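> One letter stands for each residue in the lines below.
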Amino acid sequence: MKITLKIWRQKDSNSKGAFKTYVCDHVSPDMSFLEMLDVLNNDLIRKGEESIAFDHDCREGICGMCSLYINGHPHGPLQTTTCQLHMRSFKDGETITIEPWRAKAFPVVKDLVVDRSAFDRIQRSGGFISVNTGGVPDANEIPIPKKIADEAFDAATCIGCGACVAACKNASAMLFVSAKVSQFALLPQGKPERKERVEKMVAQMDEEGFGACTNTGACEAECPKGISITNIARMNREYFSAMTTSYEVAVGGGE
Amino acid sequence: MKLDSKIPEGPLAEKWTKHKFNVKLVNPANKRKYDVIVVGTGLAGASAAASLGELGYNVKAFCFQDSPRRAHSIAAQGGINAAKNYQNDGDSVYRLFYDTIKGGDYRAREGNVYRLAEVSVNIIDQCVAQGVPFAREYGGLLANRSFGGAQVSRTFYARGQTGQQLLLGAYSALNRQIANGKVKMYTRSEMLDVVIVDGKARGIITRDLVTGKIESHSAHAVLLCTGGYGNVFYLSTNAKGSNVTAAWRAHKKGALFANPCFTQIHPTCIPVSGDHQSKLTLMSESLRNDGRVWVPKVAKPGLKAVDAVSIPESERDYFLERKYPSFGNLVPRDVASRNAKTVCDEGRGVGATGLAVFLDFSDAIKRDGEAAIRAKYGNLFDMYAQITGDNPYKGPMMIYPAVHYTMGGLWVDYNLMTTIPGLYALGEANFSDHGANRLGASALMQGLADGYFVIPYTLGDYLAGMSYEKVSTDRPEFKEAIDTVNSRVNTLLSIKGKKTVDQFHRELGLTMWEYCGMSRSEGGLKTAKAKIQGLKKEFWSDVAVLGGAAELNQELEKALRVADLIELGELMVDDALNRDESCGGHFREESATPDGEAKRKDDEYAYVAAWEFKGEDQPEQLHKEELIFENVKLTQRSYK
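Protein sequence lines correspond, in order, to chains A and B.
Residue numbering for the first sequence is 1307 to 1561, as defined by this note's numbering.
Residue numbering for the second sequence is 267 to 906, as defined by this note's numbering.
Bound-form chain B, shown alone (with noise of 0.2 Å):
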């Protein structure tokens, strides 16, 4: 199979706007002659139902959520990032695909990367349209920001809950177009399987989660819009429903699955309490401006926040400030948290399970007082309280990376169209424009970009092509995926085992943590290798699932989507080991420096890693994609 990303020829600045008028266009009388089926309603799912709906596409959006306004873009804190220069302060778009190349380490497409950065002017002049209340300053104007390092001020926000209020404003979107009549909405509905038609995605198989009914619905293209797969670590800042079902079910139909293991780890989340966690809490990496990191320098066991304040200066390793001079506590996502799990791995951890480091405040508090930190970091340090019963005013914080973002998905070309004519995939879901790493406050921008302004073109250039024909849900097709999903519910209700659902996605998510997770080795890849393809065997003859296929059953729900999480956490591992190179969000310990950082390669691995499913149990067979770099120099990163 040849990977043919269809970048438009011709100049970076000119290629977006040239392939816009290249594409075919449908007729506005012939747009309602066309289905279109959009999987999830976050940014990505509600905005591209939203603006499919007005240009007059029948459309059918599905979410697993009792409502399209849960989906967990919601929970997106910091802000969203725009070109739009209003500070006057150097940007451009240039430098917004000039700054998410470089951040991605060099691992995404030019062509993508660019055509998001000119995009990304149109996202806030739309939301801002719709209501969206984003941060103004006193003269009415919007409010910028700096945010993840970035030397310009322009991130977008409403306060800590940015994605919650572009969220709002998609949704609206979307309720606009359900009222019309154009959308057609789905609640409490998930997606188990895709149906291809003559080598075409023709529609999708749902089971109803309140009646447990299997529905077929057919289209003249999908849109998969479901996020990302965090949640095969268990333990993340996902929501407890993220899952990668849809998009792993359309890889096994044929759709390459690309860069699975680039992930993006954060290093400032709330810590492990126990065994009880069911998942992780971030905070807004803005703290790392004030807090300072450090860990004894004697290891102290169980060592408590209140008991740390009495730790002299001469006993605290500010290891971060003492690796990294210049940018000290600043050192970007990957950085920071590769060295809190060295310092943990080699006992100088704290807290009750020694899987934490300090973020200590008591510098700031004294030069600034108690009101200024108050002022800046409240809602944080309440929300720190809340979740810990530690008062953070008082002594230091404890913070822990976590899983936060993954980078790699669907494989998708210019078009934002898989690897299977007529299926697309958008935001997270794809794997397109955030190479290795993704910079804070592009995710938004991405979903924003994908649904309102990219795929309204490039859908149409697909479907122009095409007769308005619909497909019968009564052909074969449609049959054999209804009978393949039951059979599956049928299984998995049969099995009747004695380990609950929780107790494998548990145990899965520690492997991941373990040998996929910010450090890979090629020992440790092949022991997780063994023992995920352990889990799927115990998992299909062990795990219990009880109550029936017909009604709202949590359990079976979850146990669907772990099924998929298991196989994608091998495919993980075997990426991971084919990437002999330690690049983004990750570092493989035989690819360093001497000084032990980093070592990006850039003549070996310079490609995107797309894998094809063979058929169960067999390996997966890699294509690479290579990337082509014509406008920016590959450089390698250093904080030192």
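For reference, chain A alone in the conformation it holds in the complex (with noise of 0.2 Å):
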């Protein structure tokens, strides 16, 4: 197969970037996208051209964090994430333009590398259960409907790579934020914190300046682990009960 990419390639954060066209001319079909890549990478050193930096690592579509923002879709055009997706899904003779998540909340930090850290400061605010390492009751003495569980167990499968943000219009990290909130609300283990972890997670997510939700539903559509909206749904629920019913509990009142 010959394809023609052209990729984002930007410095660094504080660089201006641009599109740079590459022409590959023996692109295997078999080939995953990251290795087409890195094919590609190969060929441009040899020439003695500086690689291009994109993040991925596990290759088995598990880790999250490989990225790319391909024809105008998270992942590419496929329901997977980039190492999931092969050249078989492109035609011989295709253009491909590859970009960086866009989001604010993301900074680009070399070409299609982008900073993803706000995810992990949204979990730090609350994405836990609070308990210390031993002194917990044995793994069955907490009874959980296997429907709830497999609820629970489905928003749980988020990989946290960010296509949701990159799919939205408005760069809203509603379905990930929601999936966490959705996952600890329906289990047992999560209640004592509910209200706390719904507010704390929110507030954070809107000071690392992701979007609101419009209920577009393109995250749901390109999010390669098919986590549901349904999750953002409930989150709403949790925020508002949250809102309208937590209260500070006074203390000292026994004295």
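A couple of the hints might just be wrong.
To be verified - Computed Cβ-Cβ distance ranges for the label pairs, DEER-style:
#1 K1410(A) / I761(B): 39 to 47 Å
#2 R1394(A) / G405(B): 42 to 50 Å
#3 M267(B) / N1377(A): 57 to 65 Å
What the hints assert, rightly or not - If you want the footprint, here are the derived chain A segments under chain B, 3+ residues with CB under 8 Å:
#4 1321 to 1330
#5 1416 to 1423
#6 1436 to 1446
#7 1492 to 1505
#8 1517 to 1530
No wet-lab data here; the hints were simulated from the structure.
Keep in mind that this is a model prediction, so the values were computed, not measured.
Don't be surprised by glycine CBs; every beta carbon is placed ideally from N, CA and C.
Grab the two chains, each in its own frame, and use the hints to assemble them into the complex.
Printed below as a string of structure tokens:
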């Protein structure tokens, strides 16, 4: 296959970027998209040109490190991660445009690499159940209906890649945040901190500069793990319920 | 050097309890006076950093990825073993211990393995409390399955993504400690050296992968939770970034490296499709429960899956069923892998490369119907179709073995301390619990056991005897380490050769796979050694690394890793040469029974081979830690 690539090149976060065109004329349809870039990079290096920086690690669709905005879609035309996309999904002679995730909260680090640390900061603000190691009850002491456990699991499969943000015209992170909020809101272990969690995570999301949700559903359509926007609805309910009912417990009343 | 495993005295079942009582404690108010560095944030690293932060230590955690959640533990599929005996099917701590030590072909320590089985039950409790959504039965209790040929159902799982859910659990615990200010997290930060002050590990040197800045960090102890070195084979199921650099740098500073040749080859991976291949994808070996493995009796080069359907039964060789009538397609990983390689070496392999065998579900589909097979393996079939473009419902799958896990690693004692005081190794980075072969669903167990339930006790024992005084990163030991790292970086950038890092890595991998993979011989290993030595010279004179030191430079990152993998490769070959027995995951051609099966030599090789670095281009020195078996009787495996 012969493929023409228009790739975003940007030296660092302070520089201005631009598209650069490359032609690859020995692409195999069995190559993964990232392997096609590997081959291009090796060719560039042998020609004395600097390789194109892109994030990737596990290459089996689970670590969430790979990104790339391909022909106007995060992770390309299929609902999968870029590392699981193969060149047989493209036509011989096709021109493919590759950009980094575009979002204010995800600044470009270099070429196609962006900084997604905003996601980590949101998780730190409340995406956990406060238990220390040891001293926990036996695992079977808390029965959880299978349906609830499965629903929580579906939400928990988010890989934190950021495709939802990249797909959204508002660069909203609602799908990402709601997946974690849902997982813990559904499970009995998450109940004690339920209200505080959603309040904190939403506040952090806003502080990071992600946009608002206008229910276009683009995030769900592009999510490589098929996370449902039902989670966003659930987070909205959790949030409003927390805002209207949570209160500071007065202390010292017994003295 | 005398290797002291520090296994506590006394009956097996009481060793850990006694040891926990005997270790020194650090007063709660004093824990904040100690700094601990944790390198790597997979299951071992994240669980250790979180647990130590909760106890009150000041932790600095490091990962090379952009987030701690991306460590490669996340890719583990199958499950995690625990001796809960929830199924009332006869499991116990002792049985898990026994299965693990036997599965490792009697090349692990009894004391370590028993402790692992003992704390396995706590791991499940911990993960559930964190909100890990394990599979459940309709009654709301946890589900289990039998895994990897185990005779009891002790494996807990979360669909085919158990590693992801366990890692996200540990990541959430880590996040909580970051939010509490007890853990400081450094992402996109790679450890390039360990710093020894007065004979103790007191810090590390890192490179900020975004700015290129070389930084010093000091602490009272350093924990390496940096995973395995399967990427020495270039093609493996490891993540692209997985590497040996942290462990290897520690080795060169004095930490012994144990059993480096012990690697695990997984039989059911998707075969290589061409020279562009960058990694291999594993499919759960549960597929072998219903799939039948075969190749044509007579070589048919380039045979495609779609054409396989028309090959009559009489012309097919179901070689596993033929050679191992009682276990058939369910023989252990090493036996299945080795036999696949043998038939391919005979020229009977299938597919474009000839490096594949068929895994055929047509009988199962006939027997149970397509719907039943779809319900069982739907996601795996989809994954296969996505990667290969073939429909496994219409023709057989093609599979081939791939490197999956490395049992060898830094030598550690019962406290998980390496031979450098204050330097610990946890999880896959150490050698301690899996012997010569790891059982399925035991890697996740070991990573979390080390991080949640072992290191919080054993680290205190070391720190309790130490002064609170911090060492300054202005000390000459730090400066010297920084200079070494800088000069390595600058040398790599100044070579300006013609071959890319990937080319060198691929060549190394081919050599390792051919001569130091599933099947080894003295002649082959000697060839490999010469090739690797040549490759090392060529690398340092002809590698092309463009760009600068003070920027995000992915080629430089790779070059630094591959340089260390090359050196490790040579040590693996030395270790394999020394071990003239067939054992666990690998077959030594000179050590076989008359019918060609693996022959272990317990009277000669029942020891841990721990290697000491003696200087650049000097032969490493072998130290032996004899393995003492007081509770189990050593038996030869047979699957006939």
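> Could you run down the list of hints and mark each one as holding or not?
Now for the hints, and whether the structure bears them out:
1. K1410(A) / I761(B): 39 to 47 Å: Given about 40 Å between the Cβ atoms, the range holds.
2. R1394(A) / G405(B): 42 to 50 Å: Hint holds: Cβ distance 45 Å, inside 42 to 50 Å.
3. M267(B) / N1377(A): 57 to 65 Å: 60 Å, holds
4. 1321 to 1330: Result for this restraint: violated, n = 0.
5. 1416 to 1423: This one holds; 5 residues, not fewer than the three required, reach chain B with a Cβ under 8 Å.
6. 1436 to 1446: holds (count 10)
7. 1492 to 1505: With 3 residues close enough to chain B, the hint holds.
8. 1517 to 1530: violated (count 0)
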